[in-house]
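Go ahead and model the full structure; you've got the sequences and the hints to work with.
Chains as they are written, first to last, in my numbering: chain A, 1 to 111; chain B, 1 to 150.
Check the hints yourself; a few may be wrong.
Said to hold, decoys possible - Using C-beta positions, here's what the derived DEER-type ranges look like: (1) A:Ser49 to B:Gly129: 40 to 50 Å; (2) A:Lys75 to B:Gly88: 40 to 50 Å; (3) B:Ile63 to A:Ala34: 24 to 34 Å; (4) B:Gly75 to A:Lys109: 50 to 60 Å; (5) A:Asp17 to B:Phe89: 30 to 40 Å; (6) B:Leu61 to A:Gly73: 33 to 43 Å; (7) A:Ser110 to B:Lys64: 43 to 53 Å; (8) A:Ser49 to B:Asn138: 28 to 38 Å; (9) A:Ile95 to B:Val70: 33 to 43 Å; (10) B:Leu21 to A:Gly50: 15 to 25 Å; (11) B:Gln120 to A:Ser49: 31 to 41 Å.
Keep in mind that the hints were calculated from the coordinates and are not lab data. Glycine residues also receive a C-beta, built at the ideal position from the N, C-alpha and C atoms.
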Amino acid sequence: MKATTRDVNGIEIIKLDGKITIGAGDQQLRDVIANAVANGKNKILLDLSGVTTIDSSGIGELVGSYTTATNRGGKLKLLHLPAKLNELLHVTQLITVFEVYENEDEAVKSF
Amino acid sequence: MERDGERIEITISSRFENIELVQVIAEHLCENAGMDEDGSHWIGMAVREAVANAIKHGNKLDIKKKVSAVFELNGHDLAITISDEGTGFDPTAVSDPLNPQNLMKTSGRGIFYMRTFMDQIRYSFQDGGGTSLIMTKNLAKGTGMATGKA
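Here it is in structure tokens:
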């Protein structure tokens, strides 16, 4: 998995590309989020458009990332959810937890 | 397309990077049997979760221990058996990830996804060690994602 970060109006936009699966990206995602939060960037927008594969470990890391940001008084929201990831969040009812956006400007303004 | 008597077996060492090998076999077998791309993907995902559990929880990441996968296709009926060398567990003790108190847990969704994407899953525990997970799916039912099965 590759993570690319940029700052837009104080919002940390992290674009993830590749796999978020057990042993290949799950730990990396945890580290990226921990690093952002440690640097005081706790308003995080995860752009998931480039995620090709995700499994239950990856879903777990998304939940863990949300909790990490929230526990630091921040927020973590999702942008450009691929269809299959959307389905995985729906069947586990996690879609009710995350705020999901299709438009980056709208997402940034929502923080 | 109905296929009778198709049987594929693969044995891997307990490394996470081998999971995809088994997943790809599952997806190709389903697509060759006429399953649509989405349906094949979800069955592949169930296989991915099963193999990951076998490596992590069954074989405890011991690369000397093996995971085997057997795919048997008869007509539209697909049976997948994933076996490890672990000591087993109590499937009834697995918590429901849809329970509000479990919703924010970072783990515990693998078996739920398997149940969701397959028609049926059951475990078999061998005396002296070894666990087999048998998952079945009727490919004629299409994607048939069974939502809400805990």
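Hints, one by one, checked against the model:
| no. | hint | in the structure |
| --- | --- | --- |
| 1 | A:Ser49 to B:Gly129: 40 to 50 Å | holds (44 Å) |
| 2 | A:Lys75 to B:Gly88: 40 to 50 Å | holds (42 Å) |
| 3 | B:Ile63 to A:Ala34: 24 to 34 Å | holds (28 Å) |
| 4 | B:Gly75 to A:Lys109: 50 to 60 Å | holds (54 Å) |
| 5 | A:Asp17 to B:Phe89: 30 to 40 Å | holds (35 Å) |
| 6 | B:Leu61 to A:Gly73: 33 to 43 Å | holds (36 Å) |
| 7 | A:Ser110 to B:Lys64: 43 to 53 Å | holds (51 Å) |
| 8 | A:Ser49 to B:Asn138: 28 to 38 Å | holds (34 Å) |
| 9 | A:Ile95 to B:Val70: 33 to 43 Å | holds (35 Å) |
| 10 | B:Leu21 to A:Gly50: 15 to 25 Å | holds (23 Å) |
| 11 | B:Gln120 to A:Ser49: 31 to 41 Å | holds (35 Å) |
Hint compliance for this structure: no hint is broken.
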